[in-house]
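Knowing the structure of chain A, use the given hints to seat chain B on it.
Residue numbers (the numbering used here), protein chains in the order written: chain A, 24 to 292; chain B, 31 to 294.
Rather than coming from a laboratory, the hints here were simulated on the basis of the structure. The structure displayed is predicted, hence computed values, not measured ones. Just to be clear, a hint being listed does not mean it is correct.
Below, a sample of chain A positions facing chain B; criterion: calculated Cβ distance under 7 Å [unchecked claim]:
hint	residue
1	L42
2	L58
3	L61
4	S62
5	G71
6	G77
Residues of chain A placed beyond 10 Å of chain B at every Cβ, according to the derived structure [as the list claims (entries may be wrong)]:
hint	residue
7	I37
8	T44
9	Q142
10	A143
11	R202
Using N, Cα and C, we set each Cβ at its ideal position, and we do this for glycine too.
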Amino acid sequence: MTRPRSRLLAASRIARILLSTQYAYMLEYRAEIALWALSGVLPLIMLGVWQGSGAARQLGWSAEHLQHYFVAAFVVRQFSVVWLIHVFEEDVLTGKLSPFLLQPLQPLWRYFAAHLAEQATRVPFVLLMLLGLAWINPDLLWRPTLAELGLGIAALWGAFLLRFLLQALTSMLCFWSERAAALDRLLVIPYLFLSGLVAPLDTFPPAIKAFALATPFPAMVDFPARILSGQSVNLSGGFFSLLIWCLLLGPLCWWSWVRGIRRYGAMGA
Amino acid sequence: MMPHRYAATLRRFWISSLESESEYQLNLVLECLAVVGNLAGSVFVLSLLFSGQSSLGGWSWDEALVVLGLYTLLDGFTSCLLQPNLSKIVNHVQQGTLDFVLLKPIDSQFWLSLRCFSPWGCPGLIAGLILVATGLRQSGAPIQAHSLLLGGALVISGAAILYSLWFSLAALSIWFVKVWNATEVLRYTLVAGRYPVSAYPPALRLVFVFVLPVAFMTTVPSQALLGAGSWHWAAGSLLMASGSLIASRWFWRFALRHYTSASS
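Extracted from the complex, chain A is given alone in its bound form (with noise of 0.2 Å):
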């Protein structure tokens, strides 16, 4: 009966050393991530030109709810930012991985928990660049209900969850190609236009939206801004659909994990 618990017990103390390790880590890159926060700026220049186009007006987007879209994808866009693959990329190439394989602790883990606390690094920027934003135009912001804040957040992780296990199985093939940081370049691509972080789902087509739909890149910016923004959406699909790609490229990532360690001979290993 003790076992289970206690080894419940030693993974919290891991997770939680893990973490505030790596975010004392971050805390040292703050003027870094300050800079990355401001590289997230595109959606809001994308807001920029769609209240000059008014193509969303015939759609019956009013200016409002425009706003409201792009500043939520803006937010949703920098608490989902993954950056696995240039630092596992670069440690596999340089054997910074060996030492970590030592451990009885799946690496990952490490990479997961470095995220996480970037993220927490992240908030302060986040907060003065919006309070920016409101001293541009206050109609910029709006307070959303504690049930679109809650259910907003859980898309959001649930988005950030499912970009990284993407990345995670792109990630893997550092041991088969020592480029494949620039095959994870091309899967960039239809995660900027399908997901609604350039153009909201509404405008498209419907035979590309639909298409769009098919994929996971939605469910990573437009379902959590739309939940965020207050918009009308069809929630138990969107989980469906975040839960769905996350049980598919888990075990995905977890196989290849075990087939590319197996060729991974990088200095020491």
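Just chain B, lined up with the frame of chain A:
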């Protein structure tokens, strides 16, 4: 004598970097796919912005294609020269190898800006040119030699402004090693140049002319190519280009005076 020596050195630089990059031939396929994908996505988003209406900020569809084409062209230029060279400056500062660059009997700004040539930006350059040509032909604007000449000069001055911004941001790493990703921020905000400046709200337009001069990179040259260029915008662009080139030169000299090498 001097320009000749620089030209010969440049030729050697680029041949050697082409040789080393040709080792990764699969990259060409990946880059072509990336350019095609990005272009298809951008045209798609542009078509969404145009759905149900015939103009965006006073620009017709074909004219907006010229702007998008120039953006793609400059993005290719960034991948060819700016990204491979200027993103290495911070490594030189961090590892102290900048000392070796400074000791070479050649101008350090020249070496740091032009040492590498990455052929992987070429698909972007070609795609951009095709898009510009398509937009120009379909727009029905009379194609005149002098508007092409002026447009070409303005594209070059746009590229000069872009280079100066990148170089000055990269030179900041002499003081702040941790701002190495500032150039990435620049790259992400320059995406605004995909659309004509007049498509943005007035406050943003001011930002895009004076703070982050994307207007001079895509909108102003497009206007000139379409034969609708105005002389004061052209003069402003040329002035801005020469001013920013001189400023980047001055800034680099200033930065070097503060450089203390990695070991000291």
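Going down the list of hints, with the structure as the test:
At a threshold of 7 Å, the smallest CB-CB gap from L42 (chain A) to chain B is about 23 Å, leaving the interface hint violated. Given the 7 Å rule on beta carbons, the hint for L58 (chain A) holds: about 5 Å separates it from the nearest Cβ of chain B. The interface hint given for L61 (chain A) is met, as the beta carbon of that residue sits about 5 Å from the closest beta carbon of chain B, less than 7 Å. Here the hint on S62 (chain A) is kept, as its CB sits about 4 Å from the closest CB of chain B, short of 7 Å.
With its C-beta approaching chain B no nearer than about 4 Å, G71 (chain A) sits inside the 7 Å limit, and its interface hint holds. For G77 (chain A), the interface hint holds, since its Cβ comes within 7 Å of a Cβ in chain B; the closest pair sits about 6 Å apart. The non-interface label for I37 (chain A) is consistent with chain B: the shortest C-beta to C-beta separation is roughly 29 Å, beyond 10 Å. Here T44 (chain A) stays apart from chain B, with its beta-carbon at least about 20 Å from theirs, past the 10 Å limit.
The claim that Q142 (chain A) is not at the interface with chain B holds, since no C-beta of that chain comes within 10 Å of its own (minimum 17 Å). Interface exclusion of A143 (chain A) from chain B stands, the closest Cβ pair being 19 Å apart, more than 10 Å. Residue-level check failed: R202 (chain A) sits 7 Å from the nearest beta carbon of chain B, not beyond 10 Å.
Violation of the numbered hints given earlier is confined to hints 1, 11; the remaining hints are satisfied by the structure.
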